[in-house]
Each structure stands twice: as C-alpha cells, then as structure tokens.
Amino acid sequence: MIPRAGKAKDGKRPGWFERLRGSSQSKPQHQQQQLAPLPPRPNPSDITSISLEEMCKVCYNLDPSQAPRSGPPVKNGPSSFSWAVREYNLPAGSPVARITIDKSQILLDSAQGCFFCAIISTALSTAQPGWEAEDTVIRINLAPNVPVTVQLQYGQYGTSSDDTLGFEVSTHFEYIIQPGTPKPTTEIEIYRPRLCGGSGEAPGRGDLISGLLEPMGFGEEIASHAGDDTCVDFIKKHVENCIKEHNCGGSGGHSALPLLPDRVIWIQGRNTRNIRLVEPKNTRAKYIALSYCWGLVTAYTYLTDQSTVHSRKTAIDYNALPPLLQDVLRIACLLGIEYIWVDRLCIIQGDNGDFKKQAPKMGDIYGNATLTIAAASTSSENDHILVERDAKWKSSGINLTLEGLGTFNLKVRRRSHKLGTEDQGGDYGRVSTRAWIWQERLLSARTVFFTSHALKFECHCHSIWEGFDEGISGNSWSSNLEKVSIDSWLDLVDEFMRRDITYASDRLPAIAAVMNRIEKRKGWTPFWGLWKHAIVESLGWKVDDDCGIEGSHPCEMNPRTCAPSWSWLSINGPISHGNLTISNKVSREVLKPWIYDLECHGLNDATGSITVNGRFVTGWVEATVKLDKTHKRTPSESDRFNYQYRAVFTADYVETVVNADVALMPRGDEPWGMFRPAVRVPVGEAPPTQSWIGYCIYLMVATRGPLAIALLLGPSLRNSKLYERIGIAYVVRCNMFEGSKRGRFEIV
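Just so you know, we're using our numbering here: the sequence shown kicks off at 785 and counts up by one.
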C-alpha cells in the first residue's frame, strides 16, 4: 500500500510548514497555489533538526537518504542497478530512491502544507497544466546532488510478483494500466539554479531553506538556439578536457595529432569559400567526422562518385552543399578545425571497390577523429542542426515562500532525454535506429549529439548533457568497448540487430570494424559475429517477438552466403539474448546461473561450420497457419496469415512453444521417418499458407533450474549430412533430456 502523509507525535503537521505558498513564474496569478494556514510554527532554528517522526511519508522530504531505496530485490545490500546508477556517475554508496505515489496523495499533502509535496505539484502544473484532472501516477526519482526527476504517467498503478523465472526469491514487478490510447510519460526535472535571487530572504534564513533542499542538485540553463555561443563553448570545453585528461583515442592521451583519412574535406584557412576534397598522405591534423542519416538518394543528391571526384578536388561550392553539411562546416570553423570527413563525400559512391577498401578503416576514421558530430535532430542531410529549439524545453521558475523565512527560487524543465534509456544507448530520434550509426558511435573517441533540445557530449570516460551542473556526469554508452564482457557484447548485438540497415549484407562489415577493435584490445578472435572462445554461451539468441506483430515473422532470411545458420548474422531483424544476459540486470545472488551442457569440438574457418556434442531428443515442429484479417500490413500474401509454432517431443508428447528464427516449412524429397524435416524458408520463397508438421532435432544447450535452452536443428539444404539451425525452444521441463543420448552435430 502506498503510504499517506506522516504526522508529528502530537498528530499535527510540523509547525515549520506554516503558511507555505507555492507559485510558478510562468503561471497566471489565478493558477498560483494557495495553501491553508497551519498552526503556529516553532522557532525557525527547529527547521535544521527535523525528527524522523516529522518526515513526510509521501515524498520523504525529497531526501534520498530517507526514502525507500530503488532497484531490484537483493538479499544483501543496496541494488547496483538503480535508476541513478544507470543515469549518473555517482560515488559508491550514494543513497538512491524512487517513490511511486497516486496523484491524490501529492495533492492532499500539498494542500495540507507539505513544503516538498508543494514543490512537486507546482512543478507538474508548470510543465503539464491540467495533469490533476486525469488518472495519473507520479514517480519521484531521488539521488544526491542531481535534479529531482519526476515522471508523470497516465493510468492506474499496480504490482505483481513472479517466482517462476529461475530466481531464488520472488520477483516484484510494477505496472501502469492505461485504458484506451496510451499517453506518453511526462518527465521533468527540478533543480536549484546556480544564481538564486536573494531578494525577499531574511538575512541568514535563506540558508535554512537551502538546508531543507540540500540533496537537490543544481542545474545550468540550456541555450534556446543550438548555434548559441554557449553551445560552442560547451563543445570546446569538453573536447579539450577529454584530450587533456583522458585517454579516449583520437588526439587524446597527450599523443600526436591524428593521421588524416585517405580523403577529407579541407576548409582552407577555415574559410567556407575555400573548400575542396583532398587526399592527404601521412598528414596529421585535427578533423571532425560526421555521423548522420542518409536521405533518399536521387540524381540530385550531393555526393562524390566517379563523375564528380575530380571536380570535388578542384572546389566545393558551400552554397551547393545540403544544409547539414553547411552547418558542420560552420561548426568546424568555430572550433578552429580545418578538416571534416563525411562518408558520401569522402568515399566514392557507386564504386564497390572503394567501399570495400574504406569499410575496414572505419575504426581508425572514427576512432582517430578529434570529434564526431552526431546529427541527432535531423532525418537526413537536408535538415539543419544549428536551429532554434522548441519553447517547450525552456525552463520555468518556481518561487516558494515560507513566512518569516523569505522566498526560495527553483527551476523546472522537461527532461532533455528519457529516464532509463541512456544505458541502452539513448533515444535521440532517427539516428538511434540506424546500424551504421551504432558502429560509428562505438568507434568514436568523442561524440557531440545535436539533439532537438540539447547537446550531449560523450567520450569513453563519461557523458555530459547541456544543462548538467559542473562536476555532474553520466555513464558512457560508447565505453562498452573498453569494459566489454561476453554478456555486455550480447547486449550490444541485440541493440545492433534492432537497428535498421539498408543492405542486410552490410551487417557483417558494419560489426566487423567493432569486433576488430575488441580483438586488438582483448585478444578475442571473432567468428561470424560471435567469439571463438565463447561459442556455446552465445548460441541462445532468439528472435525478439516483442518487435513485431504477434504471429508474424519479425526476421527475414539472409542469403546463405552471408553467414552460417547458427549465427544471428544469418537473419535480418530484431533478436534478443535477454534470457542469457539477465544476470547483468539482477544480482547473481538472486539469479541462478545457466549450466552449459553443450560442448564445442571444432570450428571450420573455411565453411563457417561448428561441430558440437550434446544431449538431444527427436520430435516435431507443429505449425498452425491461420488467415488473420486483423493484419493491417499486407505487402505480400503471406502477411495475411498468423503463424504459431509448437515443439512436440516424442517422449510423452510434451509440448512447448518454439521461437522460429524465420518462417519455416517442411522440406525434402525423402522424409525423416513419418514426416518431412522442418527447414527455414529459403530466400525468395513464400511461407506455407496451410498448417503442417515437420520432423526436427532438439539439442540441449544449457539448463537453469527447471528451464532448458534447446536448439532446433533441421537438415542442411546444401549437404544432407550436415545440420542447420531453424529455431530455439525454452523447455520448462528440462528432465525431458534426462537419460537422452549425446550426439555429435556439424551445424552450418
């Protein structure tokens, strides 16, 4: 049950709440909140010694050291996976809290005089007028020395527990029920401005109010235009600091200037009238690399190909460049940098030979760049990044008055980035959906994101958003390569496969540059998107059904020349290793580890096959195909059908759900026993439109408690003596494999 407001020992509200008034500078006078007077307060000095009995049990005085700790349940100690640990670089042992309350509680306690509840309700009314009239749930996120983050979620709050996921203790879940069309969560942050107005505060008494809000962090203002001088200063400051203090690559670590790529755009004398494409030889200088989304390529697209490469070397007309490139040139000049690298200008387009030559060099091109500019606010090169920002991101002032103590000033604004997304790479628009940009970000030494509402600087040591107070930083997603483990690599692969790529065949070269970087640092050997020393631990990937329409096939088959079937590179679409890497998210004291039974006995570099030995059982795949008229997308005949796959084991006819890699079908002139074997639908062929049953082999990979992971194998279409992976099953009764034979399988 969500607790109600606490009272003092005598049953009354603490006197220091007396006659609190909360208002917003951006609200009309008639919207300002008037709070009822309370009984006479004690001496103001009492404010500095509030007892625990006087702590508000709704908002906990916005004090993270007093509020319930956040994070998943663990047996011993605080969670290492709380919201703030994921969001900020906090000192070890910092108290972190998350309070979930119904709107009625915050409104009631605010009206009854709670100083801190009034801060929350006034801030919400400032950022989201009318929120009080709807069913809403409020989450208050607290940590020391950072802004108070408030999430306003529409709907009704609920909780549940589940002890069937392989945990040693029951797992607690929170959820919000939203009837009708879901509304997006409103996220705001409340912070103390660095230059607080002193007028209206009695001498020495402002410090008393400041003491009440001591855990709340300060913030800096965000410029209203991305081309403001403060934005240029922000970039300069953090780039120069990284070069001087860190060892992030490029021109960092006190090393020599970076070696320029094979081709770069030269802004001679930092004059946009003198621009041309050059091919430097062993030249060292600072340069900027651009990371952006391509627009539709037409005959009018500005690029370098065989017909234009010579004219580009003579001169480039600034006015002929698309808006994005014009802005990048301007930024380079303001930063005192004369060279930029842009793929469509520095790689000869339409020349596959030049692409094959340059693609393996992406690690050096982005890794050596002084700075990478990520054009997050654009959808293509035809958009500007130096633009006016929407007024909704502008901060507003809140004045809080305690009679006899004076007025205290706070600021509130919408968050520039969604809470809980930064450790997954963030959500910055279209750039967060592209696989090549995933690669470019990981390889870059330093990146500045031009989002629609704020700048973000990221290097391999930390990340800093425009608006952060001095000394506050967040975690670096690109540092995943610096501290990579097998689990974190699988998480990176999941993110990579969720992102779009124009040509499925480009997935291998896109990820190869990242794997080459890891190979140099860790000594691991890549093998078709996996690592040779951890093949078995990486086979448990599955298609991510949450990313598609239920009953559809979210992933497509790649041409067989792309990758062997056991590798996720053999398909194109969203996948998940979540059942393998959940130990990253929850304490190992809670989660039982996977016990791997499958053994890898050989890897064939020439064919890409793996030879494994493990327990197996024979069975069937039963495919139920039904016409589904509710499907909204009908680009092909097969999309009108709903597909459900079940595994049926020959022993006791036990059934379980199968996660097919792609669309499956029965195949073969000579059936294995009673039924034809199940195989992947080849590229270019349509899935079956009628239900069917196919024969297959279930090969156990690992167990955890009552669960088991089993690969589904069918015969290879290229060599009937070999096998191909067709799917995966999570078997609830792993005793199905008890007493089963071990077999040797070569999977291609």
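Don't read these hints as lab results, they were simulated from the structure.
Keep in mind that a hint or two might mislead.
Only pairs whose alpha carbons sit at most 30 Å apart, straight line, appear in this in silico BS3-like list of lysine-lysine [to be verified]: (1) K1178 with K1065; (2) K1141 with K1065; (3) K1267 with K1376; (4) K1178 with K1140; (5) K1020 with K967; (6) K1145 with K1267; (7) K1267 with K1020; (8) K1202 with K1020; (9) K1202 with K887; (10) K1316 with K1141.
Have a look at the derived ranges for each label pair, beta carbon to beta carbon [what the hints assert, rightly or not]: (11) W915 with N1055: 48 to 58 Å; (12) K1097 with Q1428: 55 to 65 Å; (13) W915 with G1137: 57 to 67 Å; (14) P1377 with T1205: 27 to 37 Å; (15) T1205 with N1136: 30 to 40 Å; (16) L1387 with Q912: 54 to 64 Å; (17) K1202 with G1523: 23 to 33 Å; (18) A1040 with P1490: 39 to 49 Å; (19) V1441 with D1174: 55 to 65 Å.
Note that beta-carbon positions come from the ideal geometry of N, C-alpha and C, so glycine has one too.
Item checked: Violations among the numbered hints -> Hints 1, 4, 5, 17, 18, 19 not satisfied by this model.
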